[in-house]
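Colleague: One-letter residues, chain by chain:
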Amino acid sequence: MKRDEWKTLGWATALLAVAALLPLTGDGYLISLGVSIAMYTVLATSWALFSGPTHYISLATAAFFGIGTYVMGSGIEVLPYWVLLPIAGLIGGVLAALVGLATLRLSGVYFVIFTLGLAEMTRQGVTWYQNQTGHKGTYVLTDLTDNDIYWQLLGLAALVYLVGWGIGRSRLGFALRIIGDDEDVARHVGINTALSKVALFVVSGAVAAIVGAIIAPRYVYIEPSTAFTPMLSFQVVIMALLGGTGRLWGPLVGVIPFTLLWEAISSSFPNQTTLLLGLSFLAIVYLLPGGFVGLYDRLKGRAAKRSAMA
Amino acid sequence: MDILITGLILGGTYALIALGLNLQYGVSRIMNLANGEMLVIGAFVAFTLFTVGQVSPLLTIFLVAPLAYVLNWLIYRIMLRPLVNRAKNRGMLEVDAILTTFGLSFVMVGIMIWAFGGDYFSYSYLARPIVIFGDNFGLNRVVAFLCAAVLCAGLFLWLNVSRAGMAIRAVAVSPENARLVGIDVPKLSARAFALGGAVTAVGGAVISTFLTLDASTGVMFTMKALIIVIMGGVGDVRGTILAALVLGIGETFVASVIDPGLTLVAAYALFILILLFRPQGFFGRKPT
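Protein sequences appear in the order of chains R and Z.
The first sequence begins at 990 in the numbering used here and counts up one residue at a time.
The second sequence begins at 2 in the numbering used here and counts up one residue at a time.
Simulated from the structure, these hints should not be mistaken for laboratory data.
Each residue gets a CB set at the ideal place from its N, CA and C atoms; glycine is no exception.
Be aware that one or more of the hints could be misleading.
Stated by the list, open to error - With the C-beta cut set under 8 Å, the calculated list includes, among others, these residues of chain Z facing chain R: (1) 104; (2) 110; (3) 175; (4) 277.
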C-alpha cells in the first residue's frame, strides 16, 4: 500500500470509531437516526459498487432487503441469529445471480424494468404463499437493542468499504470500469462482460439481504407490505446518485443530508414524500449530474486550473 | 371461453396504452417511465367530468387527447430535449431519461395526492351485463375494448398509409438515415412523444370506465406497458397488439385459475420467457 492509502485507512478507522461511540449518548432519537443512516449507507454504497462503474440502475434493493427480512423472520425460531445472517446473504446473492443472468446480457432498459417490478412481484408471491399456508405475518423476537443493530450495521459498512476498495484494485474492478466506458471495447479486449456484471450485482444483492436480516428484529412484526417497500429502492438510488458514485465515499455524502431531509419531510408533511422523491430525481439530473463527488471534482479542477494560471 | 374473452378485452385496452409507450420509445428513444401517470391523469379527467357533468367518457377522450398532446410536447421540449442534446451516446441518454421520467412520475403522483388525495376513484358507466357466447360480460368493458380496437386500427393505418406515419416509421428504424432524406428528426421526435402521451391518456380515460384507480396506480400500468413493448418488439405495432393480448389472456388465466393476487407474477413469468428466448420481441430480427 502507498502512503496515501495508509492515511485514508487511518482516517476511515478514526471516523468509524467516532461513529461507534454514538450509542453512548443514550439519546433514543439520535440512535434511531444513526441506525437509519448506517442502514442507508450500507445499501447505497453497495448499490454504487455495482451501478457506479456499469451505469446499470438497479431498483431491486427493496426485493433483496425484503427477502433478508423474511429469512430472519421465518428462521429465527429454528436457527441461531448469527447463522441466519450469512444464509440471508447467500439467498440474496443467488437471487441476484439469477436476475443478473437473465437480464444483464441485454441493454440497461431491460434491467431497469425488470428490477422495478421485482420487489412487487416477490411481495405478491410471499403474500400468496402466506395465504396458502394460512398465516399472515411473523414475529421476530430477539433481545437485540437498537444499539446492537447500529453496531452490526457499522461493522457491515466497514466490510462493504473494504470489499469495495478491494474490488477497485482488482482485475474485476478494472474490467467493470472499461465496461462502463464502452462495453464493445470491453468485449473486444476479451472481458466476459456479462459475468463481471453479474458478479458485482451478486455482491450488492447479498449485502442488501443481510441488511434486511439485521433490521428485521427492529420491526418485531413482519408482513409483506412492511418488508417489501418499493420506496426503499428509490431512496437508495437517490442517495447514491446525490452523493456521487465515482468514489467509494460518495454515497455516504448523499445519505446523510437526504436521510435528515427525509426525516424532516415525512414527520411534518407525510403526504409529500413522493413529491420529494420526484424533485430529488430531477434535481440530480439537471443540477447535480455526478452528485456531490462530481461537484467536488469540478471545483477542484477549476482551482487547479486557476493555480496553474497564476 | 370466459377467460379467453375477458383476457382479450383486457388485452385490447392494454394494447392502447402500450402503443403510446412504444411510439415514445420507438421514435423519440425516451423510455418514458411516467407513462402510467399520463394514464391516471386521463382517467382522472374522465372521472371528474363524469361525476360533475355526466359527460360520457367516450366524449371526454376528444378533450383528453389534445390536452395530453400539448402537455407531453411541452415535457419533451422543456425537459427531455436538453438531455438529448447533452448525451454523448445512447447509453447516457437512457440513464438520464430513466431518472428524469421517474422523477416526473413521482412529481405527478405527489401533485395528484396533494391536490385530490390518495383515495380510489371509480364511477359507474354502462355497468350493465351483456351476453357473449352464453357468458355475462360488463357492457363497459366491451365498449372500452371496441373503442381501443378502433383507435389501434386507426393508428396502425395512419402509421402505414400516411406520409407522416411513414416519416415516423423512418425515424424509428434509423434516426441518422431519416435525416438524409429530409426528415426533421428533432421536430418529429417531439411530435411522436406528444402523440404517444395522448394515446396513453386516451387509454386511461377508456380504462377508467371499468377499473378502479388511485393516484399511485400509474406505475403498475407503466410496468405492464413496458413488458408489452419489449415482448412485442420496440417500434412494432403488430407485435405490441399481439403481446398486449397475450398478456391480457395470461393475466386473466392466472387470476381466475390460481389467485387474483398473482397477476404481476404472471406478467413477469411471460417477461422472463421472452428475455431468455426472444429478447428482440415476437417479430423482431436478431441483431447481427
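Colleague: Compare the structure with the hints numbered earlier in the document and write down the numbers of the violated ones, lowest to highest.
Modeller: Result: hint 3 breaks, nothing else.
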